[in-house]
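**Q** Chain residues, written in single-letter form:
Protein chains: 2
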Amino acid sequence: MKQRGILVVVSGFAGAGKGTLMKNLVGKYDGYALSVSATSRKPRPGEENGVSYFFKTREEFEAMISADELVEHAEYVGNYYGTPKKFVDEQLDKGNDVILEIEIQGAMQIKKKFPEALLMFVMPPSAEILKARLVGRGTETAEVIDKRMKRAVEESEGIENYDFIVINDDIDECTEKMHNMIQSSKYTPDRQKAFITMVREGLKNL
Amino acid sequence: MKQRGILVVVSGFAGAGKGTLMKNLVGKYDGYALSVSATSRKPRPGEENGVSYFFKTREEFEAMISADELVEHAEYVGNYYGTPKKFVDEQLDKGNDVILEIEIQGAMQIKKKFPEALLMFVMPPSAEILKARLVGRGTETAEVIDKRMKRAVEESEGIENYDFIVINDDIDECTEKMHNMIQSSKYTPDRQKAFITMVREGLKNL
Chain B
2 MKQRGILVVV
12 SGFAGAGKGT
22 LMKNLVGKYD
32 GYALSVSATS
42 RKPRPGEENG
52 VSYFFKTREE
62 FEAMISADEL
72 VEHAEYVGNY
82 YGTPKKFVDE
92 QLDKGNDVIL
102 EIEIQGAMQI
112 KKKFPEALLM
122 FVMPPSAEIL
132 KARLVGRGTE
142 TAEVIDKRMK
152 RAVEESEGIE
162 NYDFIVINDD
172 IDECTEKMHN
182 MIQSSKYTPD
192 RQKAFITMVR
202 EGLKNL
Chain S
2 MKQRGILVVV
12 SGFAGAGKGT
22 LMKNLVGKYD
32 GYALSVSATS
42 RKPRPGEENG
52 VSYFFKTREE
62 FEAMISADEL
72 VEHAEYVGNY
82 YGTPKKFVDE
92 QLDKGNDVIL
102 EIEIQGAMQI
112 KKKFPEALLM
122 FVMPPSAEIL
132 KARLVGRGTE
142 TAEVIDKRMK
152 RAVEESEGIE
162 NYDFIVINDD
172 IDECTEKMHN
182 MIQSSKYTPD
192 RQKAFITMVR
202 EGLKNL
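Line order of the protein sequences matches chains B and S. If you read the first sequence in the working numbering, its first letter stands for residue 2, the second for the next number, and so on. If you read the second sequence in the working numbering, its first letter stands for residue 2, the second for the next number, and so on.
A hint or two may mislead.
As the list makes no split between identical chains, a pair holds if one copy fits it or if it spans any two.
[Claimed, not checked] Capping the alpha-carbon separation at 25 Å, the derived lysine-lysine pairs in PhoX-like fashion look like this:
hint : residue 1 : residue 2
1    : Lys151    : Lys205
2    : Lys112    : Lys187
3    : Lys194    : Lys3
4    : Lys29     : Lys113
5    : Lys187    : Lys29
6    : Lys194    : Lys151
7    : Lys187    : Lys24
8    : Lys112    : Lys194
9    : Lys194    : Lys132
10   : Lys187    : Lys19
11   : Lys3      : Lys187
12   : Lys19     : Lys194
13   : Lys86     : Lys194
14   : Lys87     : Lys151
15   : Lys3      : Lys95
16   : Lys19     : Lys205
17   : Lys19     : Lys114
It should be emphasised that the hints constitute simulated quantities derived from the structure, not laboratory data.
Please take these sequences and the hints and turn them into a complete structure.
**A** As structure tokens, this is what we get:
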């Protein structure tokens, strides 16, 4: 019997390397699915429906909210973004672990709704390296970098609410560690309730 | 810098295969040390001091209790048994993870004293298999087997206090999973306080 997968929430500072890490994880190991968000914003050239996002009209998105079809949602700069429950549930039922990248407030919402979700926080090996990575991208102004560093300070206050921290030093080593954390987490007593009950009842009835 | 190791407490039903599992773990991977107990009982032929046990006189053992030199201790059939703090500390300082096999009440004592200890409970894949293993040993009377099964029912009530359950089906697979659980556990926020503080302060001071 294939066990239901677990919902894995990944947060972390901008520049910590979440994106590469998740792509690596899904590419290297079987049994993972990256959650695809729904949005009411217009597709950009090259963005495919169901791959980059599930594209919805504002009305469709609001209907999804009303019907409680989203795991979480938020509005940024006039557009809705959210995580469709259907995709997540389908993948979990198939036995896949669903990876969901989301910022810290969203992660806390999910933990409330799904206490069995696994929360992982991706960190750079040091603050200096985080700054060097943001500067190194060469795509951001000094002002944007400064804003991101300030935001990192804020976000760092919430790290203790996560189950694991993932220190992104060497990408391959880090991917393997992340995989092991996720798979190990399936063996906590609260995620093995059915098995424990089975053995307990079996012991009583022998 | 080599990080300090963690204290790993292993409990489980008689017949669940704890002994083989721990021997396998220590044989297959570096960085583990099996805790050696102290006892006031006399050595049996072939038992070596510091390997099977640290053999002590009753007076020496009581002096260790008074001096708070034991992680935990208990008295069985007129003999003292306990875990010397010195060995555990030395190994942890070296960066080794120390494995300590102990029954459920002892495990709870350790969790109180060392909240950062990792508690693992070894389980058979089913109650039937546990019974079959006990019967298969061929060394126990039906009465002893019955007593062990009753004891297993009692012990099973405490499983939720453990961090992980280790399902001992295939021994090699199980050893690898156990290793991954232990290594993953080093990345919970409460075991990475120094690192989190370092990054947090670093972010503020940049």
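**Q** Work down the list of hints and note, for each, if the structure agrees.
**A** Consistency of the hints with the structure:
1. Proximity of Lys151 and Lys205 under a CA criterion of 25 Å is satisfied inter-copy only: 8 Å between copies versus 57 Å inside one chain copy.
2. Proximity of Lys112 to Lys187 under the C-alpha cut-off of 25 Å is found in both arrangements, the shortest distances being 16 Å within a copy and 22 Å between copies.
3. For a Cα distance limit of 25 Å, the shortest separation of Lys194 from Lys3 inside one copy, 16 Å, qualifies, whereas the shortest one across copies, 36 Å, does not.
4. For a Cα distance limit of 25 Å, the shortest separation of Lys29 from Lys113 qualifies neither inside one copy, at 30 Å, nor across copies, at 40 Å.
5. Proximity of Lys187 to Lys29 under the C-alpha cut-off of 25 Å is found in both arrangements, the shortest distances being 19 Å within a copy and 23 Å between copies.
6. In this homomeric assembly, Lys194 and Lys151 come within 25 Å of each other (Cα to Cα) only across copies, at 21 Å, whereas the closest approach inside a single copy is 41 Å.
7. For a Cα distance limit of 25 Å, the shortest separation of Lys187 from Lys24 qualifies both inside one copy, at 21 Å, and across copies, at 24 Å.
8. In this assembly of identical chains, Lys112 and Lys194 lie within 25 Å of each other by CA distance both inside one copy and across copies; the values are 18 Å within and 22 Å between.
9. When the C-alpha separation of Lys194 and Lys132 is checked against a cutoff of 25 Å, the pair qualifies only between copies, where the shortest distance is 21 Å, while the shortest distance within a copy is 43 Å.
10. For the homomeric pair Lys187 and Lys19, the shortest alpha-carbon distances inside one copy (22 Å) and between copies (20 Å) are both at most 25 Å.
11. Within a single copy, Lys3 and Lys187 get their C-alpha atoms as close as 13 Å, which meets the 25 Å cut-off; across copies the closest is 28 Å, which misses it.
12. In this assembly of identical chains, the alpha carbons of Lys19 and Lys194 lie at most 25 Å apart only when taken from different copies (21 Å versus 31 Å within one copy).
13. In this homomeric assembly, Lys86 and Lys194 come within 25 Å of each other (Cα to Cα) only inside a single copy, at 23 Å, whereas the closest approach across copies is 34 Å.
14. For the identical chains of this complex, Lys87 and Lys151 are neighbours neither inside a copy (36 Å) nor across copies (45 Å), given an alpha-carbon limit of 25 Å.
15. For the homomeric pair Lys3 and Lys95, the shortest alpha-carbon distance inside one copy (8 Å) is at most 25 Å, but the shortest distance between copies (41 Å) is not.
16. In this assembly of identical chains, Lys19 and Lys205 lie within 25 Å of each other by CA distance solely across copies; the values are 22 Å between and 47 Å within a copy.
17. With identical chains, the CA atoms of Lys19 and Lys114 are at most 25 Å apart within one copy only, with a shortest distance of 23 Å there and 37 Å across copies.
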